[in-house]
Each structure stands twice: as C-alpha cells, then as structure tokens.
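*Asks:* Chain A is fixed; fit chain B onto it per the hints.
If you want the building blocks of each chain, they are given just below.
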Amino acid sequence: EDKVVQSPLSLVVHEGDTVTLNCSYEVTNFRSLLWYKQEKKAPTFLFMLTSSGIEKKSGRLSSILDKKELFSILNITATQTGDSAVYLCAVLDNAGNMLTFGGGTRLMVKP
Amino acid sequence: DSGVTQTPKHLITATGQRVTLRCSPRSGDLSVYWYQQSLDQGLQFLIQYYNGEERAKGNILERFSAQQFPDLHSELNLSSLELGDSALYFCASSVAGGLAGTDTQYFGPGTRLTVL
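For the protein sequence lines, the chains are A and B, in the order given. Read in order, the letters of the first sequence are residues 1 to 111 in the numbering used here. Read in order, the letters of the second sequence are residues 112 to 227 in the numbering used here.
Okay, chain A solo, but in the shape it has when bound:
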C-alpha cells in the first residue's frame, strides 16, 4: 500500500525563523510529488517535483526531491504569520490520476 509520511506533525516558530518540513514516501508507481498549503479550507497548490535534485523556488518557499532516498523537503525562510497553515505532501501515481496524501504538518508562526 502506498504511504506518505510527513514530519513533524506540528511546529511552532516565531516570525523570521526558517523551517524545514519533511515528507517521505513509499509508493509503487511514482510520477511526481506535490506540496499543498491548507489554511481554512481548500488545499492550494505550491510545487510539483518530478526530477531529483532540482530545487523549485517561489518567494520564500523552496522544495527539493530526492528520488533515491524517497523524500522531499519544503523550506520556508523568514516565516510570517501568514505562513501558518497545514502543509500537505502528496504523491501522484504513474498513471497521473491518484494523489496519496501525507497526514500534514501543522505550522504555527507566532508574531
């Protein structure tokens, strides 16, 4: 059975701190790994990673994938209170149809 595990479960930091969120996976047919941010309702798309070692960056957020060790990290630098959310990691199967989600990391950024 495909499995996606995220750590830590939750994290409390202060504004300006840098955080690293982890995602490891065991899937039979891997195509891509995706990161989503979920605030109050719908997950919003952050990154899709398909190739190992290539960093994707968007402002203060960046992410990288290691397909040999089967994990990905999401980094957030200079955190702000608006970064408070649950961050979800998901793996897309080879057919490109199904996302298997991890349990999420709940990030709280205090002023």
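Don't read these hints as lab results, they were simulated from the structure. Fair warning: there could be bad hints in the mix.
As the list claims (entries may be wrong) - Label-pair restraints from in silico Cβ distances:
{"hint": "1", "chain 1": "B", "residue 1": "139", "chain 2": "A", "residue 2": "50", "range": "18 to 24 Å"}
{"hint": "2", "chain 1": "B", "residue 1": "139", "chain 2": "A", "residue 2": "81", "range": "30 to 36 Å"}
{"hint": "3", "chain 1": "B", "residue 1": "116", "chain 2": "A", "residue 2": "111", "range": "32 to 38 Å"}
{"hint": "4", "chain 1": "A", "residue 1": "22", "chain 2": "B", "residue 2": "186", "range": "35 to 41 Å"}
No residue lacks a Cβ here, since even glycine has one placed at the ideal position from N, Cα and C.
*Replies:* Same frame as chain A, now just chain B:
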C-alpha cells in the same frame, strides 16, 4: 480562488439519508477528482472522472457513487449515511487527468458534511 466551485458549503443530515454534492471544474479542465478529508483519515482519494468517464477509483465505499455530466460538472452521491461519513469532501480538477504528464490538481473550497 482556484476556479473550482462546490455546492453546498455545508450540509447537515441524519443517518440513513442520501445527499448529493456538486462540483464544477475550472474552465477548460476535463478531469474531476473527489477526495474525503476526515480528522482520523486525512485527505483520501475517492474517484476520478475524465470527460464523462470513470478513470480511477480509490477508497470509495459502495454506498458512494459519482458521475460527470456532458457539461463536465460532477456529482458525488452518498447514501445510507453513517456518522463516520461526516467529513470535508473536496473536488479537484485538472486539465487532462494524467494524459498530459504532470498536470496539477486544483481544489475547490469543499463541502462540509455533518451526519447526526
């Protein structure tokens, strides 16, 4: 705003009842996905439709069914509801649903179902 719309936002019903959740994908997207998010199970894939046809099935109960109509909107039907069906139900859409390599799924705001 992802462009995916879902109705209703909230639904409260009793055990044993049947409900229908509705989803309209982003303009131009042919694929619709349904997910269930509960506190104990996290976000779980239920089913995918592409251009009116079922494409992939995940952990969907037999009491649940879905369809996608010619105008590409989709409905998720939940019947013989149980307390454990209380959850957030999300719809997502993508351009091609696997055919286009790595197209992204964009999520709607969800429908919160409470079964009493």
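*Asks:* Which constraints among the numbered hints does this structure fail? Numbers only, ascending.
*Replies:* Every hint satisfied by this model.
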